[in-house]
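*Asks:* Model the full assembly from the supplied sequences, consistent with the hints where possible.
Chain by chain, the residues run as shown.
There are 4 protein chains.
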Amino acid sequence: VDEAEILSARPQVVLSALPHGESAPRVRGWLDAGAVVIDLGADFRLRDAAQYPRWYGDKHPDAELLTRAVTGFTELHAAAIGKADLIACPGCYSTAAVLALAPAAAAGLVDGRTVVVDAKSGISGAGRALSLSTHFSEVNESVSAYAVDGHRHHPEMDQELAALTPGEPPSVAFVPHLIPMTRGILATCYFEFDGDAADLMDLYREFYAGEPFIVLQDRPPATKEASGSNLCYISTAVQGDTAVITSALDNLLKGAAGQAVECLNLRFGLERTAGLQPPARWP
Amino acid sequence: VDEAEILSARPQVVLSALPHGESAPRVRGWLDAGAVVIDLGADFRLRDAAQYPRWYGDKHPDAELLTRAVTGFTELHAAAIGKADLIACPGCYSTAAVLALAPAAAAGLVDGRTVVVDAKSGISGAGRALSLSTHFSEVNESVSAYAVDGHRHHPEMDQELAALTPGEPPSVAFVPHLIPMTRGILATCYFEFDGDAADLMDLYREFYAGEPFIVLQDRPPATKEASGSNLCYISTAVQGDTAVITSALDNLLKGAAGQAVECLNLRFGLERTAGLQPPARWP
Amino acid sequence: VDEAEILSARPQVVLSALPHGESAPRVRGWLDAGAVVIDLGADFRLRDAAQYPRWYGDKHPDAELLTRAVTGFTELHAAAIGKADLIACPGCYSTAAVLALAPAAAAGLVDGRTVVVDAKSGISGAGRALSLSTHFSEVNESVSAYAVDGHRHHPEMDQELAALTPGEPPSVAFVPHLIPMTRGILATCYFEFDGDAADLMDLYREFYAGEPFIVLQDRPPATKEASGSNLCYISTAVQGDTAVITSALDNLLKGAAGQAVECLNLRFGLERTAGLQPPARWP
Amino acid sequence: VDEAEILSARPQVVLSALPHGESAPRVRGWLDAGAVVIDLGADFRLRDAAQYPRWYGDKHPDAELLTRAVTGFTELHAAAIGKADLIACPGCYSTAAVLALAPAAAAGLVDGRTVVVDAKSGISGAGRALSLSTHFSEVNESVSAYAVDGHRHHPEMDQELAALTPGEPPSVAFVPHLIPMTRGILATCYFEFDGDAADLMDLYREFYAGEPFIVLQDRPPATKEASGSNLCYISTAVQGDTAVITSALDNLLKGAAGQAVECLNLRFGLERTAGLQPPARWP
Numbered sequence: 001v002d003e004a005e006i007l008s009a010r011p012q013v014v015l016s017a018l019p020h021g022e023s024a025p026r027v028r029g030w031l032d033a034g035a036v037v038i039d040l041g042a043d044f045r046l047r048d049a050a051q052y053p054r055w056y057g058d059k060h061p062d063a064e065l066l067t068r069a070v071t072g073f074t075e076l077h078a079a080a081i082g083k084a085d086l087i088a089c090p091g092c093y094s095t096a097a098v099l100a101l102a103p104a105a106a107a108g109l110v111d112g113r114t115v116v117v118d119a120k121s122g123i124s125g126a127g128r129a130l131s132l133s134t135h136f137s138e139v140n141e142s143v144s145a146y147a148v149d150g151h152r153h154h155p156e157m158d159q160e161l162a163a164l165t166p167g168e169p170p171s172v173a174f175v176p177h178l179i180p181m182t183r184g185i186l187a188t189c190y191f192e193f194d195g196d197a198a199d200l201m202d203l204y205r206e207f208y209a210g211e212p213f214i215v216l217q218d219r220p221p222a223t224k225e226a227s228g229s230n231l232c233y234i235s236t237a238v239q240g241d242t243a244v245i246t247s248a249l250d251n252l253l254k255g256a257a258g259q260a261v262e263c264l265n266l267r268f269g270l271e272r273t274a275g276l277q278p279p280a281r282w283p
Numbered sequence: 001v002d003e004a005e006i007l008s009a010r011p012q013v014v015l016s017a018l019p020h021g022e023s024a025p026r027v028r029g030w031l032d033a034g035a036v037v038i039d040l041g042a043d044f045r046l047r048d049a050a051q052y053p054r055w056y057g058d059k060h061p062d063a064e065l066l067t068r069a070v071t072g073f074t075e076l077h078a079a080a081i082g083k084a085d086l087i088a089c090p091g092c093y094s095t096a097a098v099l100a101l102a103p104a105a106a107a108g109l110v111d112g113r114t115v116v117v118d119a120k121s122g123i124s125g126a127g128r129a130l131s132l133s134t135h136f137s138e139v140n141e142s143v144s145a146y147a148v149d150g151h152r153h154h155p156e157m158d159q160e161l162a163a164l165t166p167g168e169p170p171s172v173a174f175v176p177h178l179i180p181m182t183r184g185i186l187a188t189c190y191f192e193f194d195g196d197a198a199d200l201m202d203l204y205r206e207f208y209a210g211e212p213f214i215v216l217q218d219r220p221p222a223t224k225e226a227s228g229s230n231l232c233y234i235s236t237a238v239q240g241d242t243a244v245i246t247s248a249l250d251n252l253l254k255g256a257a258g259q260a261v262e263c264l265n266l267r268f269g270l271e272r273t274a275g276l277q278p279p280a281r282w283p
Numbered sequence: 001v002d003e004a005e006i007l008s009a010r011p012q013v014v015l016s017a018l019p020h021g022e023s024a025p026r027v028r029g030w031l032d033a034g035a036v037v038i039d040l041g042a043d044f045r046l047r048d049a050a051q052y053p054r055w056y057g058d059k060h061p062d063a064e065l066l067t068r069a070v071t072g073f074t075e076l077h078a079a080a081i082g083k084a085d086l087i088a089c090p091g092c093y094s095t096a097a098v099l100a101l102a103p104a105a106a107a108g109l110v111d112g113r114t115v116v117v118d119a120k121s122g123i124s125g126a127g128r129a130l131s132l133s134t135h136f137s138e139v140n141e142s143v144s145a146y147a148v149d150g151h152r153h154h155p156e157m158d159q160e161l162a163a164l165t166p167g168e169p170p171s172v173a174f175v176p177h178l179i180p181m182t183r184g185i186l187a188t189c190y191f192e193f194d195g196d197a198a199d200l201m202d203l204y205r206e207f208y209a210g211e212p213f214i215v216l217q218d219r220p221p222a223t224k225e226a227s228g229s230n231l232c233y234i235s236t237a238v239q240g241d242t243a244v245i246t247s248a249l250d251n252l253l254k255g256a257a258g259q260a261v262e263c264l265n266l267r268f269g270l271e272r273t274a275g276l277q278p279p280a281r282w283p
Numbered sequence: 001v002d003e004a005e006i007l008s009a010r011p012q013v014v015l016s017a018l019p020h021g022e023s024a025p026r027v028r029g030w031l032d033a034g035a036v037v038i039d040l041g042a043d044f045r046l047r048d049a050a051q052y053p054r055w056y057g058d059k060h061p062d063a064e065l066l067t068r069a070v071t072g073f074t075e076l077h078a079a080a081i082g083k084a085d086l087i088a089c090p091g092c093y094s095t096a097a098v099l100a101l102a103p104a105a106a107a108g109l110v111d112g113r114t115v116v117v118d119a120k121s122g123i124s125g126a127g128r129a130l131s132l133s134t135h136f137s138e139v140n141e142s143v144s145a146y147a148v149d150g151h152r153h154h155p156e157m158d159q160e161l162a163a164l165t166p167g168e169p170p171s172v173a174f175v176p177h178l179i180p181m182t183r184g185i186l187a188t189c190y191f192e193f194d195g196d197a198a199d200l201m202d203l204y205r206e207f208y209a210g211e212p213f214i215v216l217q218d219r220p221p222a223t224k225e226a227s228g229s230n231l232c233y234i235s236t237a238v239q240g241d242t243a244v245i246t247s248a249l250d251n252l253l254k255g256a257a258g259q260a261v262e263c264l265n266l267r268f269g270l271e272r273t274a275g276l277q278p279p280a281r282w283p
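Residue numbers (our numbering), protein chains in the order written: chain D, 1 to 283; chain G, 1 to 283; chain W, 1 to 283; chain Y, 1 to 283.
Don't take every hint at face value.
[What the hints assert, rightly or not] Here are some chain G residues the structure puts well away from chain Y; computed CB gaps all over 12 Å:
id: 1; residue: A9
id: 2; residue: D32
id: 3; residue: R47
id: 4; residue: D58
id: 5; residue: A63
id: 6; residue: S133
id: 7; residue: A162
id: 8; residue: A163
id: 9; residue: D194
id: 10; residue: Q217
[To be verified] Facing chain W, a subset of chain G residues (Cβ under 10 Å, in silico):
id: 11; residue: I123
id: 12; residue: S124
id: 13; residue: G127
id: 14; residue: A129
id: 15; residue: L130
id: 16; residue: S137
id: 17; residue: E141
id: 18; residue: P180
Since the hints were made in silico from the structure, they are not lab data. Where is the CB? At the ideal position from N, CA and C, for every residue including glycine.
*Replies:* Following this line, the structure appears as C-alpha cells:
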C-alpha cells in the first residue's frame, strides 16, 4: 500500500480491506485528505478502546477515531451511515447474530437475559490463509466448535445488543463452528421467551418493514438460499419457553463486501441495492 | 419379515432394526419365545405411553412392555442392561445430548434450568430414504436447522435427564441441523453455570471414569475424530456464566449400531468392546 | 401444460424445458402458431430419426421436423441459429466435449482417429429427481464412472464432430463420471497428435477469435472458475504424442439454460451476452 | 531422524515414510545393519537412475541400489518381494493404473498402443502440506486436471507396463485430476480393443485368480466402495472399439500404507491379509 499514491489521487472514498491492525494507523491520513473511509477490517468496530488489547492484542493507535466511527449495520444505522466519515463494517458472525436478535433486543425481550448464539460458518470465513483448519482433508466430512473461550466478534455483538436494549444488556454466549462448505453463515439464537410465536414474527416484520435485504420466513432458512446474494434470511420460532431465531447469510456478501457496498450506497445517496442484485442461483 | 421363521429358529436374541412402529407389535412374540430383544427403533424408547401419539402419531400397541424396557445408554444403565429382556437403543441425537449432559445433570447443575442442545448431524442421520432433504444438490454447500418446533428425540432427552436430575428436571431446547457431510453428530450444549472450568472437567472425569468409549478433552472435538469408531468425544468449557459442553460421535456407530453391539456385549457377558475396535482412520 | 392456453397467447417464442419425449409431439403446433421454438430437451438434438429408438427407446413422432431443427451450438452455428424456427439446445456433456474438440476437428486433426472424452460432472447434472445416485450419503466422498456402455449425449458428439471433420469422422469413446460437487462439468479429451503445443493453441485461438463465452488458457481450468457463468474455459496441452484438451463449464448455464438464452439472443437480434453477465464469484 | 538410534535398535525391518529424497542416502546404512527396508517414498521406484534428474530434479545418490530394489506391486512381484531386502512401494496413481492395465498388458493387448489413464484423486493424495491446492475453499465444489505435461508417477507406469508387455511397450498418456473428496483414486483407462467384453473380463479373472485384494466386477466401482480398505476394485467394459477399464482404491491404504503392510506380510511370511481386514463401512 503506497499511501502517497492513494492520497495523490484525492479519493472521495477509501474502501479498505487491509488486515486487522493495518487500517488504524492510516485512517486519519485518509480522512484528512477528505476521503470517506469504509473499513472492512476490525480496527474501528469497537467503540471502547479498552477492548482492543483484550481481543486484538494491541492498544488501539488512534482511540479518538473510534468515537467518530459508525458501525456499518445498514438496517440499524442508516441515517448515521449516510453522513459518517468513517464507517466500520461489522464482522460476519456479528452481522448474522445482530440481525437475528435486533428486533427482540429493541423490544426489550432479552433485557438481562442470557442469549445463546450458536453459529455455523463455511470455511471461507477463515480467509485464504493456509492452515490445517482450512486444509480440505482436515475439515471435509467434519464439524467442530472453536473459540469456545471467546471470539473476536463477541464484543461486537455485546456492543450492538447493549445499545439496542432498553434495560439491562443481555449476556451473550457465542460459539462458532466450522462447517464443511465454502460459503455461508447460519446463526441459531436462543433466549427465554414466554410469548406467542405469531406475535414474535409480527414484531420482526414490523422492525424490518421495507428493508430490502431482510427476508423473514417461518421455515428455518438454509445458507444455500442466501449464497451469492446480499440477503439475510431470518426465521422465528418458539419451542416451549425458548425463542429460536435463525439467520442465514453469505459471509462474503452480507457478511463482508456486500454490506460494505450497501454502506457506500447509503453514504453517497445511491440506490441502496445498487450493484447488489445478482441473478438467482440454485442449487 | 417372516415371524414364524424367526421364532422357529429359537433365537437367543433378536436385534431389530425395523422402522418405527413395526417392532412394537412383534416384540411380545419374540419375548415369549425366550429371546432377548434389542430394538434399534423408537418403539420402546419412551417409558410413558402417552408420549407416543404426540411424537409418533399412533397409540402404542403394547404399553405394558414399555415399563419393562431398559433404554440402552450403556454408560448410564449397564447393570439394568445386563439383565434386561427388552433393550431400546436410544436415538442418535439423544445419545449425543445425554452423554454430553449426564454428568452435569447428575451433579444437580441443571436442576430447573434451561439447557440448549444445538445439534449438527451428517446426512446419513436421515437414513437411505429418498427425499429432497437428502438430495446432494440440495444439501451440499448448505446448513440449515429443522424441526424447530420439536423433534422425536426430544422426549428421550427429557426422560433421561429428568431421571438423572436430583431436583426439578431441566427444560431442554433442542434444535437439530443438517450438515453437508455423511457421518457424524456434534451436540453443542449450553447451560448457566457459575463455577470453575477445571472443576467442571473434574466432575466429568469422575463420572465417566473407566468408560471405554468416552474420550474427555479440553479441545472441542471434531466429528471426524469419532468417524468410524464407537467413541464419544466430550469437551467442557465455560464462557462467562455459561457452560459449553460439546460431544461428537459417529451417528452410525455410537449413535446406532455400535451402541446396540455394546448392549449385546453387556447383556451376554462379553467384553464390552468386543467387535468395536476398528483401526484408526484419518483423515 | 395447457396447449390451448399457450397458443392463445400467440407467443413469439416457446422456450421448452419439458422432459425428453414431451416436446416432440407439441412442437409442430407451436411452430404452426408462428412461434420460434427453443427446446432444452433432447427431442430435436439428433438429425437422424433412426437414432431415437436406440438412445431414447421410442420412435420419433415427427421425424420431418428433425431436419428443420438447428442444434444450438452458438459458437458453431450462429448464422443458422439466427434464422432458425426450431433450435435444439445440446446436452451438457456434448457442449463440453464439442467445444473442446471443434477446432481440432475442423482442422482435420482427428480425422478417422479415436478421441477419448473423459467427462466429470457435478450431481446437478442428474437433475432434481430422487435416486440413490443423487443421495448425498451415497455420492459424497466418492467418484465413479457410469454409462460405460453408452450415454445419450454420445450421438450428439458424433453428429457434431462428423459434421466438422473434413475427412473420415473420428470415433469417440465417451465415459461420464459423477463428482461429489453440485455444479460443473470438466471434459478431458485425448487424441493422437504429433504437432507442436503452441501451434495447437494458436489454432484454438484463431477458431474462437471474438467468441464472448470462450476463455482459452494454458493452465487446465477448474470447474469452479466457470461456476455461475456462461463461460467455457478451454486449455490445450501436448503430452508425448497425445493432445490433451480440457474444457470446464457450468452445466446449468453454458450446458443448459445459459446456452438457451444465447440462442434466444442470436435469434432475436439481441446482444449475444444479454442477461448472461453475472458478477464474478470466488470461491 | 536419528540414524544412530535406529541402527542401535538392530531393526529387522525399516519401514520408511520419509519425504522423497531423504531415504536414498540412508538406505545403504540400514541394509548394512541387516534390516529389510520397505520404502514408501519415491527414492527407489525407478530402476533407471537416469530418470531421477528429470522427474525429481536431482541425480540419484546411490544408483547401484536401484537395481537391487523390488517394486512393491504385490499382485505382480510376490515372489521377488518375498526375498527382497529393499522394497519400493509404488505411488498411488501407479498402483491404480498398473493394476487396471496389468492383465491387458501381459496378454499383449496394449503392445505399441496408446493407453489413456485418466485418474481422479481425493485431496489427501496431496499430503498434509499446506497449499492453495489443498485449501478447502479453493478445491471444494471444483474438479480440475493438473500436471498435464507430466507427473512423477508416469515413469513408474511406463516401467511396469513395459516389463509386462510381450512386445513393444505401450505409450501411456496420464492426466491426474483433483476431486473434492478426502480419500480415493479412480483410474479410468482406455485402449483400442476389437475383442469381446466377456473375454476381456475372463482374462482379468484368470490373471487375478486368488488375489485377496482384487475385486473384479462388471459395474464400474465407486471409490467409496474401497474407502478404508486395502481393496482394489476393477471393472472392464468395451465401448465400440475401445476397452474401458476402471480401478478404484483408497490412496491411503492400497495406494500407500496398506500396500506397504502387504509387502511386510509377504516378506516375513505372514498371512497376506494380516492387519488389513477392517470392518466394512458404508456410506
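*Asks:* Give a verdict on every hint.
*Replies:* Hints versus structure:
1. The claim that G:A9 lies off the interface holds: its Cβ sits roughly 24 Å from the closest Cβ of chain Y, which is beyond the 12 Å cut-off.
2. Every CB of chain Y lies more than 12 Å from the CB of G:D32, the least distance being 34 Å, so the non-interface label holds.
3. Against the 12 Å criterion, G:R47 stays outside the reach of chain Y, whose nearest CB is about 33 Å from its own CB.
4. In this structure G:D58 is separated from chain Y by more than 12 Å, as the shortest Cβ-Cβ distance comes to about 30 Å.
5. Distance to chain Y confirms G:A63 as a non-interface residue, since its nearest Cβ pair spans about 36 Å, more than 12 Å.
6. No beta-carbon of chain Y is positioned within 12 Å of the beta-carbon of G:S133; the least distance is around 16 Å.
7. No beta-carbon of chain Y is positioned within 12 Å of the beta-carbon of G:A162; the least distance is around 35 Å.
8. Non-interface call for G:A163 relative to chain Y: holds, since the shortest CB-CB distance, roughly 33 Å, exceeds 12 Å.
9. G:D194, annotated as away from the interface, keeps every beta carbon of chain Y farther than 12 Å; the closest lies near 38 Å.
10. Non-interface status of G:Q217 relative to chain Y is upheld: no Cβ of that chain comes within 12 Å, the nearest being about 21 Å off.
11. Annotation: G:I123 was flagged as interfacial toward chain W, and the flag holds, the nearest CB pair being 4 Å apart, inside 10 Å.
12. Taken as an interface hint, G:S124 checks out: its beta carbon lies about 4 Å from the nearest beta carbon of chain W, inside 10 Å.
13. Because the smallest distance between the Cβ of G:G127 and any Cβ of chain W comes to about 9 Å, under 10 Å, the interface hint for this residue holds.
14. A cut of 10 Å between beta carbons decides the hint on G:A129: the least distance to chain W is about 9 Å, and the hint holds.
15. Because the smallest distance between the Cβ of G:L130 and any Cβ of chain W comes to about 4 Å, under 10 Å, the interface hint for this residue holds.
16. For G:S137, the shortest C-beta to C-beta distance to chain W is roughly 4 Å, which falls under 10 Å, so the interface hint holds.
17. Checking G:E141 against chain W by beta carbon gives a least distance of about 6 Å; that is within 10 Å, so the hint holds.
18. Among the interface hints, the one on G:P180 holds; its C-beta lies about 7 Å from the nearest C-beta in chain W, closer than the 10 Å criterion.
Checked against the numbered hints listed earlier, the structure breaks none of them; every hint is satisfied.
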